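Asks: Full structure from sequences and hints, please.
Heads up: the sequence lines are chains B and U, in that order. Residues in the first sequence are numbered consecutively from 1, following the numbering used here. Residues in the second sequence are numbered consecutively from 1, following the numbering used here.
What the hints contain is simulated information worked out from the structure, not anything from laboratory work. Any given hint might turn out to be false.
[As the list claims (entries may be wrong)] Think about it this way: if two alpha-carbon atoms lie no more than 20 Å apart in a straight line, the pair counts; the simulated SDA-like pairs of lysine to any residue are: (1) Lys58(U) - Arg74(B); (2) Lys138(U) - Arg52(B); (3) Lys141(U) - Arg52(B); (4) Lys138(U) - Asn26(B); (5) Lys138(U) - Asp55(B); (6) Lys141(U) - Lys154(B); (7) Lys47(B) - Gly255(U); (8) Lys160(B) - Ser168(U); (9) Lys160(B) - Lys141(U); (10) Lys141(U) - Ile29(B); (11) Lys230(U) - Gln156(U); (12) Lys138(U) - Ser269(B); (13) Lys24(B) - Lys154(B); (14) Lys138(U) - Lys154(B).
[Claimed, not checked] If the Cβ cut is set under 8 Å, some of the chain U residues that face chain B in the computed set are: (15) Gln85; (16) Gly87; (17) Ser128; (18) Cys131; (19) Met135; (20) Ala136.
As the structure is a computational prediction, the values presented were derived from the model and not from experiment. The beta carbon of each residue, even a glycine, is placed where N, CA and C say it ideally should be.
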Amino acid sequence: MKIDRTKTKSIRNAYGKTLVELGKINKDIVVLDADLACSTQTIMFGKEFPERFFDMGIAEQDMMATAAGLASQRKIPFASTFAMFATGRTYDQVRNSICYPQFNVKIVATHGGITVGEDGASHQALEDVALMRNLPNMTVIVPADCKECEEVIKYAAVHKGPMYIRIARTNVPDIFGEDYKFELNKAKILREGKDVTIVTNGETLAEVIECAELLEKSGIEAQIIHMPVVKPLDSDTILSEAKKTNFVVTVENHSIIGGLGSAICEVLSENSPALVYRIGINDEFGQSGEQRELMEFYGLTAERLAQKIERKFRDIK
Amino acid sequence: MNKDEIKQIQELCRQNRCNIIKMIHCAKSGHPGGGLSAVEILTVLYQKVMKNFPQWTKSTQHNERDRFVLSKGHASAALYSVLAQRGYFPEEELMSFRKLHSRLQGHPCCRTLPGIEVSTGSLGQGLSMACGIAMALKLDKNPAHVFTLLGDGELQEGNCWEALMTASHRNLNNLTAIIDRNNLQIDGTTDKIKNLNPLDKKLEAFNWNVIKIDGHNIEEIYEALEKSKKSDKPTAIIANTVKGKGISFMENECGWHGKAPCDEDCQRALEEVKNK
Numbered sequence: 001m002k003i004d005r006t007k008t009k010s011i012r013n014a015y016g017k018t019l020v021e022l023g024k025i026n027k028d029i030v031v032l033d034a035d036l037a038c039s040t041q042t043i044m045f046g047k048e049f050p051e052r053f054f055d056m057g058i059a060e061q062d063m064m065a066t067a068a069g070l071a072s073q074r075k076i077p078f079a080s081t082f083a084m085f086a087t088g089r090t091y092d093q094v095r096n097s098i099c100y101p102q103f104n105v106k107i108v109a110t111h112g113g114i115t116v117g118e119d120g121a122s123h124q125a126l127e128d129v130a131l132m133r134n135l136p137n138m139t140v141i142v143p144a145d146c147k148e149c150e151e152v153i154k155y156a157a158v159h160k161g162p163m164y165i166r167i168a169r170t171n172v173p174d175i176f177g178e179d180y181k182f183e184l185n186k187a188k189i190l191r192e193g194k195d196v197t198i199v200t201n202g203e204t205l206a207e208v209i210e211c212a213e214l215l216e217k218s219g220i221e222a223q224i225i226h227m228p229v230v231k232p233l234d235s236d237t238i239l240s241e242a243k244k245t246n247f248v249v250t251v252e253n254h255s256i257i258g259g260l261g262s263a264i265c266e267v268l269s270e271n272s273p274a275l276v277y278r279i280g281i282n283d284e285f286g287q288s289g290e291q292r293e294l295m296e297f298y299g300l301t302a303e304r305l306a307q308k309i310e311r312k313f314r315d316i317k
Numbered sequence: 001m002n003k004d005e006i007k008q009i010q011e012l013c014r015q016n017r018c019n020i021i022k023m024i025h026c027a028k029s030g031h032p033g034g035g036l037s038a039v040e041i042l043t044v045l046y047q048k049v050m051k052n053f054p055q056w057t058k059s060t061q062h063n064e065r066d067r068f069v070l071s072k073g074h075a076s077a078a079l080y081s082v083l084a085q086r087g088y089f090p091e092e093e094l095m096s097f098r099k100l101h102s103r104l105q106g107h108p109c110c111r112t113l114p115g116i117e118v119s120t121g122s123l124g125q126g127l128s129m130a131c132g133i134a135m136a137l138k139l140d141k142n143p144a145h146v147f148t149l150l151g152d153g154e155l156q157e158g159n160c161w162e163a164l165m166t167a168s169h170r171n172l173n174n175l176t177a178i179i180d181r182n183n184l185q186i187d188g189t190t191d192k193i194k195n196l197n198p199l200d201k202k203l204e205a206f207n208w209n210v211i212k213i214d215g216h217n218i219e220e221i222y223e224a225l226e227k228s229k230k231s232d233k234p235t236a237i238i239a240n241t242v243k244g245k246g247i248s249f250m251e252n253e254c255g256w257h258g259k260a261p262c263d264e265d266c267q268r269a270l271e272e273v274k275n276k
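Replies: In structure tokens, the structure reads:
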């Protein structure tokens with residue numbers, strides 16, 4: 001697998017376009033935003049279907065509870081804003097008004113992770129997956145590229161129940177081809193390797209793919225499991241693959257507390273002796289900077305990942 | 001409404017007051033004060049104003065129903081009693097209130113009980129949900145009306161004011177918010193904890209149609225609710241009420257916000273209601 005970084009595309013744009021497509025087929029789809037429609041790209045839907053688009057203003061709590069009300073009348077609301085405001089600020093509304101009654105609300109949050117960039121810590125959601133993952137009835141998905149995002153959004157429109165979909169601000173390279181199929185209950189093994197199992201999702205998948213090439217040069221054979229669905233977690237794949245390498249590394253653009261890494265630890269600690277090394281943002285806030293600078297500083301680029309994983313691998317062997 | 005009708009509603013209110021006391025006594029927990037203050041409002045709504053079908057989803061007219069959201073979810077005992085009285089579920093079930101495996105959860109849950117549109121309990125969210133319902137009805141060109149009941153203390157939640165803006169901004173004239181203005185909250189009077197006045201002027205400034213009534217006067221409640229259905233704006237009905245209404249030792253007492261009566265208090269309360 002080769003990553004072509006010269007051709008990156010906006011995953012938010014893919015979201016906006018897919019919404020418009022879905023809006024043409026399904027009249028029950030309604031879209032809400034909280035004054036960020038140009039950033040989240042829900043504006044595309046708004047232009048095409050103004051009567052089914054509701055800009056709720058800078059009032060995320062109102063947006064989520066209103067979405068719940070719409071869903072109670074069998075509409076299919078997609079509610080979008082930045083991951084920071086879609087989760088932390090509205091946690092009670094999402095918990096009590098959406099998840100508890102199991103309403104069919106799709107929260108599609110953009111600007112997840114450190115790569116929000118220059119806006120800094122106040123806007124960098126590093127805890128959103130943790131917050132959404134602990135809610136009963138919630139499905140949590142972190143797609144990696146535009147094709148996967150499209151398929152996940154299409155899936156969301158037919159899936160019944162609350163869903164949190166986290167997408168990055170970053171323009172991402174293509175990873176999957178036209179033949180890509182999204183499966184809720186199946187993680188994707190993208191590379192085989194006997195020394196280490198690397199589990200990731202979202203924009204760090206591209207880094208992990210390159211990281212595996214670098215590790216190979218150092219004589220370490222890495223297996224890659226792409227796990228877009230953090231909940232419900234495909235524990236079967238994790239358990240069977242961890243048995244083969246006995247060394248699992250999780251990589252995520254999120255705090256190492258409560259996200260994908262924690263989810264993997266939960267499964268393995270009850271079933272398997274495999275060692276898990278979590279890579280993400282260590283219990284700390286982010287800061288301003290360019291996207292690549294931040295990825296580099298917080299150790300999420302392919303090179304930094306390869307260094308960390310190699311060091312850990314040598315330590316334990 | 002003629003005199004006989006008013007008498008009939010008064011009798012139903014009396015039954016609902018008895019049920020509230022018995023349910024909370026039996027559960028050994030619950031919220032008598034804010035349930036008792038809302039008895040007339042809820043009884044008039046379900047008996048006289050709202051188009052509602054107790055067969056719920058089994059009714060062929062289900063989609064025509066007027067919608068109701070109990071934003072002040074802690075008044076659940078009052079709502080359950082009113083729903084059982086209308087025939088949504090058997091009255092015997094009322095005594096399962098707040099018990100393990102009951103459909104009558106401490107706060108209303110739409111997954112378990114017929115007649116409940118949305119789950120509520122965490123304050124401040126019901127008006128937003130009611131707005132969402134009103135928006136959905138407008139999209140579907142459904143002429144049904146949405147009613148929601150809020151506590152006055154609940155208005156201290158910021159989410160309420162976001163929703164107030166949404167309703168007027170989107171011309172949700174198919175929405176009526178009734179505010180149970182009993183002036184009390186857990187820690188004291190609303191004036192002392194966080195003053196809401198001038199409430200009518202605030203709501204008017206948010207571009208709502210505002211009606212003020214005596215929230216225990218059946219005719220006034222009925223007329224205000226009927227009038228609100230014909231408004232060109234969303235309507236807020238400020239219903240002045242007495243917390244703990246109908247039970248002398250509970251009236252205007254903060255302590256009865258969330259406390260169950262003991263056997264003796266229960267007996268006294270039931271006798272008072274019966275003798276009225």
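Asks: Look at each hint and say if it fits the structure.
Replies: Structure-based check of all given hints:
1. Lys58(U) - Arg74(B): Cα-Cα ~17 Å, so holds.
2. Lys138(U) - Arg52(B): Holds. Lys138(U) to Arg52(B) sits at ~11 Å (cutoff 20 Å).
3. Lys141(U) - Arg52(B): The given pair, whose Cα atoms are some 13 Å apart, holds under the 20 Å limit.
4. Lys138(U) - Asn26(B): holds, 17 Å
5. Lys138(U) - Asp55(B): Cα-Cα ~16 Å, so holds.
6. Lys141(U) - Lys154(B): Violated: Lys141(U) and Lys154(B) sit about 27 Å apart, past 20 Å.
7. Lys47(B) - Gly255(U): Given pair Lys47(B), Gly255(U) is violated - Cα atoms ~53 Å apart, limit 20 Å.
8. Lys160(B) - Ser168(U): The given pair, whose Cα atoms are some 31 Å apart, is violated under the 20 Å limit.
9. Lys160(B) - Lys141(U): violated, 24 Å
10. Lys141(U) - Ile29(B): holds, 16 Å
11. Lys230(U) - Gln156(U): Judged against 20 Å, a Cα distance of about 28 Å means the pair is violated.
12. Lys138(U) - Ser269(B): Distance of about 51 Å is beyond 20 Å: violated.
13. Lys24(B) - Lys154(B): holds, 12 Å
14. Lys138(U) - Lys154(B): Not satisfied, since the Cα-Cα distance of roughly 26 Å exceeds 20 Å.
15. Gln85: Nearest chain B Cβ about 24 Å off; hint violated.
16. Gly87: violated, 22 Å
17. Ser128: holds, 3 Å
18. Cys131: holds, 5 Å
19. Met135: holds, 6 Å
20. Ala136: holds, 4 Å
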